[in-house]
Amino acid sequence: MKTLQDLWQITKKDLLEFTRDHLRLATFVIMPMFMMILVGYIFPNQNSLKNVPIGIANKNGQEMSQKLVDVISKLKLVGDNNAFTVKSYDSLEAVKEGVKKQEISGGLFIPEDFSKKIAQNKQAEVTIVEDQANPQISQMVSQVLAKVVEEYSRQISIQKISALAQGRPISLQTIIMPLVTKIQGIIPGNPNYFEFVAPGIVAMIVMTAVLTGLAASIAREKEQGTLDGLLISPVNRLSIVLGKAFSQAIRGLIQGAIVLLLAFLLFGVKVEGSLLLVILLLLLGIFSFVGLGILVSAIAAEQETATQLLFMFQFPMLFLSGVFFPILLMPPIMQKIAYAIPLTYAIQALRKVMVLGAGFSAVRMEVLILLIFGVATLSISVPVFKRVITK
Amino acid sequence: MENIIEVQNLTKRFGHFIAVDRVSFGVKKREIFGLLGPNGAGKSTTIRMLTTLLRPTSGKAILAGYDIVKQQDEARKHIGLVAEKIILYGHLTARENLTFFGRLFHLPKEQIKERIEKWAKRLKMEDWLDHRVETFSTGMKQRVNIIRALLTQPEILFLDEPTLGLDPQTTHLIRQFIRELNQQGVTIVLTTHDMLEAEELCHRIAIVDHGKIAACDTVANLKKTVKEKDNPTLEDVFLAITGTDIRDVAKISNSTKARRHGFGHKTESRIR
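Sequences listed follow chains A and B, in order. So in numbering that gives the first Met the number 0, spot 68 of the first sequence is number 67, and the numbers just go up one at a time. So in numbering that gives the first Met the number 0, spot 139 of the second sequence is number 138, and the numbers just go up one at a time.
The hints are simulated quantities; they were obtained by calculation from the structure and are not laboratory data. Since we're looking at a predicted model, the values are computed, not measured. Some hints here could point you the wrong way.
Below are the PhoX-like pairs computed for lysine-lysine, each with C-alpha atoms no more than 25 angstroms apart in a straight line [what the hints assert, rightly or not]:
# : chain 1 : residue 1 : chain 2 : residue 2
1 : A       : Lys385    : B       : Lys84
2 : A       : Lys1      : A       : Lys66
3 : A       : Lys146    : A       : Lys95
4 : A       : Lys385    : B       : Lys112
5 : A       : Lys1      : B       : Lys112
6 : B       : Lys28     : B       : Lys222
7 : A       : Lys11     : A       : Lys1
8 : A       : Lys11     : B       : Lys69
Some chain B residues well away from chain A (every beta-carbon gap over 12 angstroms; in silico) [as the list claims (entries may be wrong)]:
#  : residue
9  : Leu52
10 : Glu73
11 : Glu133
12 : Met139
13 : Asn144
14 : Met194
15 : Arg203
From the three backbone atoms N, C-alpha and C, an ideal C-beta is built for every residue, glycine too.
One chain only, chain A, in its complex shape (with noise of 0.2 angstroms):
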């Protein structure tokens, strides 16, 4: 009881010293707007492919190649937006050269024999023109493209089959597709790159905002000489330590709610499963850490060191804990590493909860893991921050 009283006084204490510097309130929180809306706006998704400008050379300009391409000329991807603003050049060596000058990010070729061909009942073919300089809108354009060439062609082959069927009944669907794939995902509507990132977000900022600020906490103190003031006291050490922690986890989460906020309010994120869910996985996230906070603060003598220590292990651990990218997508070896972090599993557990709307069964693995992480961490690091402390 004392111990958690003494606790409670330490987390006050950090808490009221941190809302008198003015500045450092400003950027805690202005820190993770900046972070979710950077991310939120700079990452594409194939929705929102809005005037892109591309060229198109219609060599042939009959009305069947005239078609297609005012088919692509009027598409919307998004809202009233056409997808594409088209340009018309002369050749494909133009196209070409205009996607060389950055004009245009990708273009179509409707060669002169096109109408021909398809007259002769022979294949006709059209060239994409790809911007190999900006894969990401290049990928989106061409794959947009292609399904409007492959969409138009079916049409053409319904026409073509229905001629040759002479009215018998026969169901032209089935002979040109025979086979139909049907996508369902868990919860209703397209989740898009943002949703993926968004839990990731979230836990990567109220874990490393505790990491770095306890350990600076700390080292603050063992500089300015306060924490001799802490130490001269009849209270426990882990009071102390977990005291600082605290307060921390309640000034990240803090920021894990401005960044959910944000996320719900201008990216339309949505938390499928429960709310209290999520922020018992950020707890429990935030616990998997503190011991390592703790560790680096005891060997650190000042702030600075601790700053830089926790760097080293920050920066890695984004690219790693499949924040960005997802895990199984990376080589074998630094999957094995991704799995040694605890940051993995709580975002791992946090977008099951929050993407797919799972319950506390679908989390209990990474609960568990979470929980030893912690346990395994602070029964190593408070013990060295006792010996360490008094030396």
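Place chain B on chain A using the hints.
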């Protein structure tokens, strides 16, 4: 009179460096005990061990009846510390600081409030209690810092250079206050580089050098050890004992060995 602090062979090593080397001394109850010595002599390390902030490598110390290693929490309740660095949070007001530290010692709120008011009035800080410490001058900070150390009404107060860098007015106030506290029954262990301060305040003085106690006695007795001068000051004593002239090493071990019999350990200290 009984010893409230009993130190036996207290030693602290940092790697190969021996900061405090088998130091033994006793501090009597209600005494003002001075620890003097050049920079790096081991004064602060000794104080940090006695205040449970550093673990001794070997040796023993009993404070107010409690072992500083085995009964840390008990010992902590009987000591106050004014360390080299001021133990206050700049972003908090004086009152917030003091209340926080009081609560860490599990004092009831009313008692903390009452003690803050009492000491603040005495140290002329009552008008500044609700101002942030970061806005204070060094002298003001040190006064609040002293109040912090006194919140638990400790029996033993450790003061590590309490008047360092303060103006004469504050220094005067603090010295007067130290004397007052002592008269009220507080035992005080004081380190200082100010010989006048030591002479004015301390009942007994231990001169520490190279991690060892080179001399320990009342000011009057210490002065008698200096034969070369007619009316030696404490500074003369200090320089005589801690002087760095190598030629003097042999001299000192012959001439002063007998006088330091109370501290039965070998010393490499020198005297002119």
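Hints versus structure:
1. A/Lys385 / B/Lys84: Holds. A/Lys385 to B/Lys84 sits at ~21 angstroms (cutoff 25 angstroms).
2. A/Lys1 / A/Lys66: violated (80 angstroms)
3. A/Lys146 / A/Lys95: With Cα atoms ~21 angstroms apart, A/Lys146 and A/Lys95 stay inside 25 angstroms; holds.
4. A/Lys385 / B/Lys112: Violated. A/Lys385 to B/Lys112 sits at ~32 angstroms, over the 25 angstroms cutoff.
5. A/Lys1 / B/Lys112: Given that 25 angstroms is the threshold and the Cα spacing comes to 21 angstroms, the pair holds.
6. B/Lys28 / B/Lys222: Holds, at roughly 24 angstroms.
7. A/Lys11 / A/Lys1: holds (15 angstroms)
8. A/Lys11 / B/Lys69: Given pair A/Lys11, B/Lys69 is violated - Cα atoms ~30 angstroms apart, limit 25 angstroms.
9. Leu52: violated (6 angstroms)
10. Glu73: violated (8 angstroms)
11. Glu133: B/Glu133 not clear of chain A: closest Cβ-Cβ about 9 angstroms, inside 12 angstroms.
12. Met139: holds (17 angstroms)
13. Asn144: violated (9 angstroms)
14. Met194: holds (26 angstroms)
15. Arg203: holds (25 angstroms)
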